[in-house]
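Participant: Here are the chains, one letter per residue:
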Amino acid sequence: MINQSKIAEIFDEVIASPENRLLEQDIDEGKIPIGYTCSYVPEVLLSVDRLVPVRMRAPGIAGTEIADNYLSSVICSYTRSILEFALDDRYDFLRGWVFAASCDHMRRLYDNLVYIKKPAFAHILDVPHKINEAGLAWYTDEIQDLADRLSKQFEADMSDAAVSAAIRERNDFTALLSSIHELRKIDPPPITGTEFHRILTAAQVSPMHMIIPHIRETLDELRQREGGSYRARLMMVGGELDDPEYIKVVESQGGVVVADRFCTGSIPGLEPIEMKGDPIRTIAEHTFKKTICPRMMADFESRVQAIIDVFRDYRVDGVIIEFVKFCDIWGVESSPLVSAIRDAGIPVLKLEREYRLSGEGQIRTRVQAFLESMGK
Amino acid sequence: MENKYYGGCDVGSTTGKAVIMCDSGIVASAIVPSEIDPEETAVRALEEACGTVPELGGYKNLDYLIGTGYGRNEVPFADENISEISCHAIGAHHCNSEIKTIVDIGGQDVKGISLNSDGSVLEFAMNDKCAAGTGRFLEAMSRIFRMELDQFSDLSLKAKKVIPVTAQCSVFAETEVVSLLAKRNPPDEIAAGIQAAVAKRCFTLLKRIGVRPLVTVTGGCAKNRGLIKALAKILAMEVTALTVDPQIIGALGAAVFAGRKLNAPK
Chain L
1 MINQSKIAEI FDEVIASPEN RLLEQDIDEG KIPIGYTCSY VPEVLLSVDR
51 LVPVRMRAPG IAGTEIADNY LSSVICSYTR SILEFALDDR YDFLRGWVFA
101 ASCDHMRRLY DNLVYIKKPA FAHILDVPHK INEAGLAWYT DEIQDLADRL
151 SKQFEADMSD AAVSAAIRER NDFTALLSSI HELRKIDPPP ITGTEFHRIL
201 TAAQVSPMHM IIPHIRETLD ELRQREGGSY RARLMMVGGE LDDPEYIKVV
251 ESQGGVVVAD RFCTGSIPGL EPIEMKGDPI RTIAEHTFKK TICPRMMADF
301 ESRVQAIIDV FRDYRVDGVI IEFVKFCDIW GVESSPLVSA IRDAGIPVLK
351 LEREYRLSGE GQIRTRVQAF LESMGK
Chain P
1001 MENKYYGGCD VGSTTGKAVI MCDSGIVASA IVPSEIDPEE TAVRALEEAC
1051 GTVPELGGYK NLDYLIGTGY GRNEVPFADE NISEISCHAI GAHHCNSEIK
1101 TIVDIGGQDV KGISLNSDGS VLEFAMNDKC AAGTGRFLEA MSRIFRMELD
1151 QFSDLSLKAK KVIPVTAQCS VFAETEVVSL LAKRNPPDEI AAGIQAAVAK
1201 RCFTLLKRIG VRPLVTVTGG CAKNRGLIKA LAKILAMEVT ALTVDPQIIG
1251 ALGAAVFAGR KLNAPK
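Protein sequence lines correspond, in order, to chains L and P.
In terms of this note's numbering, the first sequence has 165 at position 165, counting the first letter as 1, and numbering is strictly consecutive.
In terms of this note's numbering, the second sequence has 1078 at position 78, counting the first letter as 1, and numbering is strictly consecutive.
Derived by calculation from the structure, the hints in this document are not laboratory data.
Note that beta-carbon positions come from the ideal geometry of N, C-alpha and C, so glycine has one too.
Please note that the accuracy of each hint is not assured.
Listed below are the simulated DSSO-like cross-link pairs for lysine-lysine, each with C-alpha atoms no more than 27 Å apart in a straight line [said to hold, decoys possible]:
hint, chain 1, residue 1, chain 2, residue 2
1, P, Lys1160, P, Lys1261
2, L, Lys376, P, Lys1158
3, L, Lys376, P, Lys1266
4, P, Lys1200, L, Lys325
5, P, Lys1207, L, Lys325
6, P, Lys1207, P, Lys1183
Partial chain L-side listing against chain P, Cβ under 8 Å, derived [unchecked claim]:
hint, residue
7, Ser159
8, Gly331
9, Gln362
10, Arg366
11, Ala369
Label-pair restraints from in silico Cβ distances [what the hints assert, rightly or not]:
hint, chain 1, residue 1, chain 2, residue 2, range
12, L, Val338, P, Ser1024, 40 to 48 Å
13, L, Asp309, P, Lys1207, 50 to 58 Å
14, L, Phe300, P, Arg1225, 28 to 36 Å
15, P, Ile1036, L, Glu182, 45 to 53 Å
16, L, Asp328, P, Glu1174, 29 to 37 Å
17, L, Lys130, P, Glu1098, 44 to 52 Å
18, P, Ser1120, L, Glu182, 29 to 37 Å
19, P, Asp1023, L, Val338, 39 to 47 Å
Assemble the whole structure, with the sequences as input and the hints as a guide.
Facilitator: What follows is the structure in structure tokens.
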């Protein structure tokens, strides 16, 4: 196993609860935290001027007793968990909520949050199901509408210059994260998947300027570190996965997660935003590019190819497809995806799970058997 | 010692199993009820099995020991652990190399395993957290009838008709069975309905991995003849019985792996 030198404790601290020390400090200094739930929400727009994007999670959720009264038990436990936290007032520090109508479960979450919590600012982006010129024009309008509303509600400067400045800042930030991500290609990698996702998750819930020094320090440490032995190089594919402890359970069987392709992950989420022309349209184009979601029609082949490409680039031994139970989108995607990946000669394991980490023993058994079936 | 002894220890949720082998084959085995502490379960199973091999002088003298089952990390003096999925596969293959599909019905989970021709795992599927359709479920059902599991199995075999029972949830199934009994439905037909419900869950699991003959059932529930009959019916396929106690197949597989490790060229 890789030598677990001390990765900055700050990452563990900030991902332990929705409101963290760094956010509190930023809010005290006049910043405006805006929560969002889906990768189709352009977080760069939520970081313009005094806005701070906060990816909504429910770390340590024990149950969804109250949320279950509003959302059916056959709705994915991510949305129910977010609603439970909201009903427990755990997200009251947010000044606004931005959602994407990426699936029906997200829409129902938005409906119920607005109905019950009556937030001062709530917005839901409509997202086209096809990536083409018409869809891009539509989505650009959607993002412009959001920008206008944010500007009006929070007096945020949404001028082209301000948005372009936010794009530059975000590109610097993702470039830094990419520098760590690139280390995962090394064999043996000096960083585990668990460690990487602690950093990446922290980056999604902290003010950029406050977490950057910690990430830089970690990068310097990692460049000095040598990787250790491992059983197999793994890639994880799926939907929302914002709990690095889940990856830790997977890695407990000796594999190391060197690549990922999920909503809250790094591929292709860390790609830079190409600055060209109208910044709002640029953001719309980028959001489509950085989000590979099975909700999109007529894109299955390219999604399969994206996994195969990463498999080769990162010298992956096996792919684990994970998704939250009752996720309609991934439930439908996973079956043909397993077949397509297997047909490409890639070992694959499908893990259906709850949003909250549970059934650890079963996950360990499945992952261990998967490694054994690969002869590892 | 003239012989080299090696073993496998399968620490399950309901029972602990140990198998001791030497190059001539199985020399001892044991099945003990699970203790609260999985290590204690392992020790008891190993001591009982090794107690019948005086030459060995205790499990600590085994030349190679592999742990498996949910408590596989807790087997004392084990050289390594291997998942029960791989162990059931190689254990069944060791008994009959024509086996291609296994249903392992244990105390708290059900697994469908598809095998390669060398006994390695081609594909597998497990039930989710819920214990419906597992040994625990059948234990709960037989308790309603105030019967031991083997009596319950015999009862179901007497049925001329089957009263459908849901096995989606152990708690609801219990309520349903109690209601059916209260309405004076024949107990044997209800028992047959319970067996059919478990068989249907196994069928669903097997469909996820593909069913190829020969099919066998391993784990403690393989001794439930009523269930085997129901499973054969729903699969429309013969269920092949193994020559070794199906409950010790996981431990046997672990022992087979231990033998391979011991005899592997250094």
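Participant: If a hint holds in the structure, say so; if it doesn't, say that too.
Facilitator: Hint-by-hint comparison with the structure:
| no. | hint | in the structure |
| --- | --- | --- |
| 1 | P:Lys1160 to P:Lys1261 | 50 Å, violated |
| 2 | L:Lys376 to P:Lys1158 | 48 Å, violated |
| 3 | L:Lys376 to P:Lys1266 | 18 Å, holds |
| 4 | P:Lys1200 to L:Lys325 | 21 Å, holds |
| 5 | P:Lys1207 to L:Lys325 | 19 Å, holds |
| 6 | P:Lys1207 to P:Lys1183 | 35 Å, violated |
| 7 | Ser159 | 52 Å, violated |
| 8 | Gly331 | 13 Å, violated |
| 9 | Gln362 | 6 Å, holds |
| 10 | Arg366 | 6 Å, holds |
| 11 | Ala369 | 4 Å, holds |
| 12 | L:Val338 to P:Ser1024: 40 to 48 Å | 43 Å, holds |
| 13 | L:Asp309 to P:Lys1207: 50 to 58 Å | 32 Å, violated |
| 14 | L:Phe300 to P:Arg1225: 28 to 36 Å | 46 Å, violated |
| 15 | P:Ile1036 to L:Glu182: 45 to 53 Å | 48 Å, holds |
| 16 | L:Asp328 to P:Glu1174: 29 to 37 Å | 32 Å, holds |
| 17 | L:Lys130 to P:Glu1098: 44 to 52 Å | 50 Å, holds |
| 18 | P:Ser1120 to L:Glu182: 29 to 37 Å | 35 Å, holds |
| 19 | P:Asp1023 to L:Val338: 39 to 47 Å | 40 Å, holds |
Against the hints set out earlier in the document, violations occur for numbers 1, 2, 6, 7, 8, 13 and 14.
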